[in-house]
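Number of protein chains: 2
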Amino acid sequence: MRILVTNDDGIFAKGIQELVKGLKGVGEIFVIAPASERSACGHGITVRQPIKVRKYHWQDKEVKAWAVEGTPADCVKIGITTLLEKTPDIVISGINKGSNLGTDVLYSGTVSAAIEGIILGVPSLSISLDSFTSEDYTIASQVANILCRDMLNNQLAPDTLLNVNVPAVPKSEIKGWKVTKLGERKYENIFEHRKDPHGNDYYWLAGQVVPPSTQDEELDVVAAEKNYISVTPIHFDLTNYRIMDQVKKWGIETKGI
Amino acid sequence: MRILVTNDDGIFAKGIQELVKGLKGVGEIFVIAPASERSACGHGITVRQPIKVRKYHWQDKEVKAWAVEGTPADCVKIGITTLLEKTPDIVISGINKGSNLGTDVLYSGTVSAAIEGIILGVPSLSISLDSFTSEDYTIASQVANILCRDMLNNQLAPDTLLNVNVPAVPKSEIKGWKVTKLGERKYENIFEHRKDPHGNDYYWLAGQVVPPSTQDEELDVVAAEKNYISVTPIHFDLTNYRIMDQVKKWGIETKGI
Chain A
285 MRILVTNDDG
295 IFAKGIQELV
305 KGLKGVGEIF
315 VIAPASERSA
325 CGHGITVRQP
335 IKVRKYHWQD
345 KEVKAWAVEG
355 TPADCVKIGI
365 TTLLEKTPDI
375 VISGINKGSN
385 LGTDVLYSGT
395 VSAAIEGIIL
405 GVPSLSISLD
415 SFTSEDYTIA
425 SQVANILCRD
435 MLNNQLAPDT
445 LLNVNVPAVP
455 KSEIKGWKVT
465 KLGERKYENI
475 FEHRKDPHGN
485 DYYWLAGQVV
495 PPSTQDEELD
505 VVAAEKNYIS
515 VTPIHFDLTN
525 YRIMDQVKKW
535 GIETKGI
Chain B
285 MRILVTNDDG
295 IFAKGIQELV
305 KGLKGVGEIF
315 VIAPASERSA
325 CGHGITVRQP
335 IKVRKYHWQD
345 KEVKAWAVEG
355 TPADCVKIGI
365 TTLLEKTPDI
375 VISGINKGSN
385 LGTDVLYSGT
395 VSAAIEGIIL
405 GVPSLSISLD
415 SFTSEDYTIA
425 SQVANILCRD
435 MLNNQLAPDT
445 LLNVNVPAVP
455 KSEIKGWKVT
465 KLGERKYENI
475 FEHRKDPHGN
485 DYYWLAGQVV
495 PPSTQDEELD
505 VVAAEKNYIS
515 VTPIHFDLTN
525 YRIMDQVKKW
535 GIETKGI
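Chains A and B, in that order, are what the protein sequence lines are.
To get our numbering, take the position in the first sequence, counting from 1, and add 284.
To get our numbering, take the position in the second sequence, counting from 1, and add 284.
Watch out, some of these pointers could steer you wrong.
You can't tell identical chains apart in this list, so a pair holds if it fits in one copy or across any two.
Said to hold, decoys possible - Cross-link-like lysine to aspartate or glutamate pairs, in silico, EDC-like; alpha carbons within 20 Å at most:
hint	residue 1	residue 2
1	K308	D434
2	K370	E476
3	K339	E476
Think of the hints as simulated: they come from the structure by calculation, not from any bench.
Given these sequences and hints, build the entire structure.
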């Protein structure tokens, strides 16, 4: 089995190193990750600039690695189409420092890398640790190992990925696993306004998460809060089928110009 | 009616200027757009750097405008939560130079700005001209006017946006309007490999679009190719509901750690 590993915290991040250790023995590992941090870059790709790629000497000599001056989606795209000789069997993105839940997945470079995987027809997994401070990726790395084996054994539709969030608590406090759907993630006090020394306005994105307004444990935002390992199947089709007929009823299709 | 206008080609682009002219008379217009081009930035947001915002003097004095050193999603987020005194009734993003069809919408700053609109509960419209060379936004700008009025008259679910692609052909060659779903957009020869003067590898994202493999005019990629104005309802819920049960059947929820 061939595993393409990437992330958005950059190739030097502890999360990706622990992920690679956790996957040892599952298959041949290829790391293709951003040369520097690319958090919150969403599904950005590099089109106006060239993308520099360098071989990277991973500590474990069995791991082949490249550092890419680009986004996580660039890494997966250039990895699958250009750098790797054979298509990988799975793409795994993470382990992200901080959760990727609900509407936040749209901003996430980690999840977007996995979405790029399924766009290119490779089953994918994105995995995040629900803490911006913890450096303990032990459980998340075990979870990646378990799910990677499961995904390789249970063929998923080629357009599906699993987005996984692991609570940053001791093993004894983890309540179990939940297959979830994406919830809403809202923030308050989003921007902090400042003035530079010359009197010009600037803003920092900040803000606190508003606790979920429901207790529905089928939502990833709730499952994570209750210390479940949340596993959300995701696809890339944003079509709102429910609304198609409603819009047709306006008579749009019979309009002139 | 209050209309928030943005784009990803930057506040100086002809597309946004023609869009604003086309919306004249529909409502009060606020332009909040990136200070420079931000194509293909996907749903990236700026979290590690401050976001500079400057007042911008639009030629039409009735239009209030701000140039934002950030992504299109930043513009909509900071516009709705911070810069505007009242929530706008609609967000319109465009007119993009080049189509945003099928899987490509995930990479699109234009569409992501509109997705940010619906995340914040404001009905949104993204509009693109299907040409990288044409400078004639006349028809696209009329289409924006028509759909903006329609959307304000026909209440859409707050989580829905319309993604519109307008053919870059004379009016007589436009076949009509189609309400569509997102198709697949595939490319071949994606990366061009070069070496810099020092012998280091770099790559340019390039590639040609592969023509759609189907003739189904309900797909945006086909409708656009056949010179229809394509209108696709989009939401932001990436959950793959179809796969949830399949994943539960693996026994994930009863696993240990």
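Since the copies are identical, ignore which copy is meant and state whether K308 and D434 lie within 20 Å (CA to CA) inside a copy, between copies, both or neither. within (15 Å within a copy, 56 Å between copies)
Given identical chains, is K370 near E476, meaning Cα to Cα at most 20 Å, within a copy, between copies, both, or neither? between (47 Å within a copy, 18 Å between copies)
I want to check one pair: K339 and E476. Are their C-alpha atoms no more than 20 Å apart within a copy, between two copies, both, or neither? between (40 Å within a copy, 18 Å between copies)
When the structure is compared with the earlier hints, no violation turns up for any of them.
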